[in-house]
Amino acid sequence: MKGQISRRDFLKITRNLSIGLGVADLVPYPIWVDNSIAAIPVSKGYLLVDSKKCQGCMSCMLTCSLVHEGCENLSFSRIQVIQNPFARFSEDITVVQCRQCVSPTCVEVCPTEALKPDPQFGYVRNIDKEACIGCLACVESCPFSPSRALFNFEKEYALKCDLCSDTPFWKEFGGPKGKQACVEVCPVRAIRFSGNIPLQEGDTGYEVNLRKQGWRFLGYTAS
Amino acid sequence: MSGYTGKILRINLNDQKVTSIDTGAYQQWIGGHGMGSAIFYDLVKDKAICGFHPDNIVTIMTSPLSGTLAPGASARTEVQGIGVQSSPIEWFTRSNFGGRFSAMLKYAGWDGIIIEGKAEKPVWIDIRNDSVQIRKARNLWGLDTWQTQDRIWREVCGKSDFKDWIRFDTGGKTTQTTQRPAVLTIGPAGENLSRTACLIHDAGNASGQGGFGGVWGSKNLKAISVIGTGSIQIANAEALVEARIWAQKKYSLNLDSPEDSWFAVFGRRRPQNVFWKRRRKARLQACIGCHLGCKERTDLGLGNESTCQESAFYVEFNKRKHSGKMTNAVHIAADLLQRYGINAYEATRGLEYIRDLHKKGVLGPGKEIECDLPFEKLGDLEFVEKFLKMIAYREGIGDDFAEGFYRAAKRWGRLEEDLKTGLLYYSYWGLPDHGYDPRAEVEWGYGSILGDRDINEHDFNIYLFWGPSIQKWNGLTPKPSAKRLVQIISSKLVPYENNTSMLNFSEDNIYSHPMAKLVAWHRYYTRFWKQSVLYCDHRWPDFMNTRGEDDQGLTGDGEPIFLNAVTGNNFNFSDGMEIGRKIWNLDNAIWTLQGRHRDMVHFSDYIYEIPFGGGVFKSVGWYYLPGKLNGKWDYISVNGRRLDRSKFESFKTKFYELQGWDPKTGWPNRKTLESMGLAHVAEQLSIKNKLGET
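Protein sequences, first through last, are from chains A and B. Taking the numbering used here, the leading residue of the first sequence gets 1, the next gets one more, and so forth. Taking the numbering used here, the leading residue of the second sequence gets 224, the next gets one more, and so forth.
These are computed hints drawn from the structure, not numbers from a lab. C-beta atoms are modelled at their ideal positions from N, C-alpha and C, and glycine is treated no differently.
Computed list of chain A residues with no C-beta within reach of chain B, every gap over 12 Å:
hint, residue
1, I40
2, T105
3, V109
4, T112
5, Q120
6, K129
7, C135
8, S165
9, G178
10, F193
11, G195
12, T204
With a Cα cut of at most 27 Å, we get these calculated DSSO-like pairs of lysine-lysine:
hint, chain 1, residue 1, chain 2, residue 2
13, B, K870, B, K740
14, B, K612, B, K582
15, B, K472, A, K212
16, B, K913, B, K877
17, B, K841, B, K643
18, B, K240, B, K359
19, B, K500, B, K609
20, B, K473, A, K212
21, A, K171, B, K472
22, B, K230, B, K341
23, A, K179, A, K44
24, B, K887, B, K913
25, B, K870, B, K855
26, A, K44, A, K171
27, B, K544, B, K500
28, B, K583, B, K544
29, B, K396, B, K359
30, B, K851, B, K877
31, A, K177, A, K129
32, B, K500, A, K212
33, B, K268, B, K894
34, B, K230, B, K268
35, B, K877, B, K894
36, A, K116, A, K155
37, A, K155, B, K230
38, B, K473, A, K171
39, A, K179, B, K473
40, A, K155, B, K396
Take these sequences, add in the hints, and give me the full structure.
In structure tokens, the structure reads:
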């Protein structure tokens, strides 16, 4: 599918796609959205996860906090791994990450335009900490649970995944054209970067199967 | 103070007083065990009390690396105090566990916890960042460890379904987390003062040895819950990220090319440390920050996070009963160990022991030792459920079992005889043998008897025993050669490096001076790098790694890199070994004050009298270790050995002299202690007439 569509059309199409395909582990199909039509330019990068592959070590969370804030704090991580040690596989782990929404309510509600697509880094939805007034509007408006925008209660500004475009404590070049620290550090490679827009229906499009040969070597099924 | 929060929580259960002490006062010990020993030394005036005495304290310590990205070092928590498991003296001892407790404690703003005294009635401790409350545990006392944790999660987090941010107001500040509180708790075994009782965290992380579950029970302490939303400051965040990614990419398991890691510990090719039949619908499960998990959760929903001995505990009994097939009883048995909070080694060796007594016609219904266990159902679920319940609740003869099977044998008047024959497989200090028998793997046995417990430190065991033995059992010629392996490992044994004789397990070398050096190196390394900095036993040390250049592993360079990145210190490997020596000396001084003398430092009789028949490996194959045969290195079988009493005594003398301790008594000398800045310890020993003379 390739062509120019409005955001409203896009949402309709992806909804239909998700119903039609109904397969959680497909790699997202590339979808074109013309930024001249879209009110907010779409991001050129997305994080996809395989929560069945995740080993629950939270290394992604520790790294996210470290490269962005220079300290270790699970509450500062833009990706969250939530686990119940007593539950059975695969209900025991949920991984949630910012979706870089095509229609980002967090951007729409920000009163100071501190949160906006960053043209320098492929329109990833980024927060200017200096301009953030700490009103929590982005946190509260996020339609997903838990909110993918979060808050640094120590320094009183909002935090959100920027695909590592602004990492004062990591020397690598980040953003859609660079590296993302969580992808780099994940010991089992359960996080992947994609330049294609995932299906926008629920979290379906953001959950992929990354269990290839090595996973079977460990004795686990890839299906 | 990067890497530290700056304060240690001090809770006195006698008067419910909550205070804190400055971490800086103990920072010279870096963290974990070193700090715990020093705090114990300072706070417990009479070290000769028993473990159940209210004046005994329990320290629960983190390290600067806890809660950070350092690989295989973020998750361990070190527990110390006078235990209740060992005999004839209840030694000041240690145990540690993984999961996420230590990390959460740091995020809450605490470098450790000191528990003193005894509460009048059952309590639990509710830590939410700075806020610390001692709360009544009436509604928790009687619950198993999993029920307790679930109840506390709901108590702390309200009606949360843990699918959203949970907000807390502590100290006038709002914070949030998606995480469940980390809870460390006892089960019924601890409540009933079993000497085999553990502390349990999440599904399968246990502080197992020492009987600290019973110690908590005696203090009326049911659980400690901690939720933290604060930050740990890192001196050089960029260096930490870079080192982690470098170490992981260069030395850990590469899932695209797993065969490259055919001989490695840091990145083991088969990372799961479970001994039951594996399931295909499952995931690896790791402690916080670990680069390679060793636990699992499966679609079965049983046996979550259980590893090592919990997973092995009931397998052989079960398979024997079911024609070689394994049933779910093995997973349920592991879950029961976790839920009751029972030490898996006591349960295993104990069950083997009473099975053998039953076979001999000594134990059973109407027998000399009355026991109503249905032995015809041994291997079935019904049997193991009853057996473990008897221990946890001291039901019937379970009252003896709960004392640990060494004390049980004593109660039954069988101790001397069964330690002579080896029917009771308890090699050191009245504690169950790990399976790496002192007659075979002497560094394990010597370390245990010269210390306070089954060391449970696989530093050499994995490389020297498992690596070659598994290959031999499979009919292969072991790689690398014994000569090459000892070259690689000995090159990393700073400050005794490149002395290959230290790794020679031939019979004529196991009582030698180089072997004393190996044991000493092991004591220093583990006391500091593994029990104070808290690198995990499953992933460190990395002596040999087939992904490394020339098969060299990370150890030596790796350990200090992460510590320095976090703390900003300029610490090298040798510095750590020297602190390890100091901690080892402080521990020995404490044991001396508890009543230790070299005369009591000996193994059970069977170690000297009965040839080693392979122990738990006898049905698998011979026990191989590197050794020199006719001047040439090879992997040699050590089956059939027994230790020689007089030669072991001469070994002790060599070891004591190497330590600078009095060989007549095993007590530390003033000069040795003073040279390490422990003059105050020497003074105390002198007052008690326990200072070494030469």
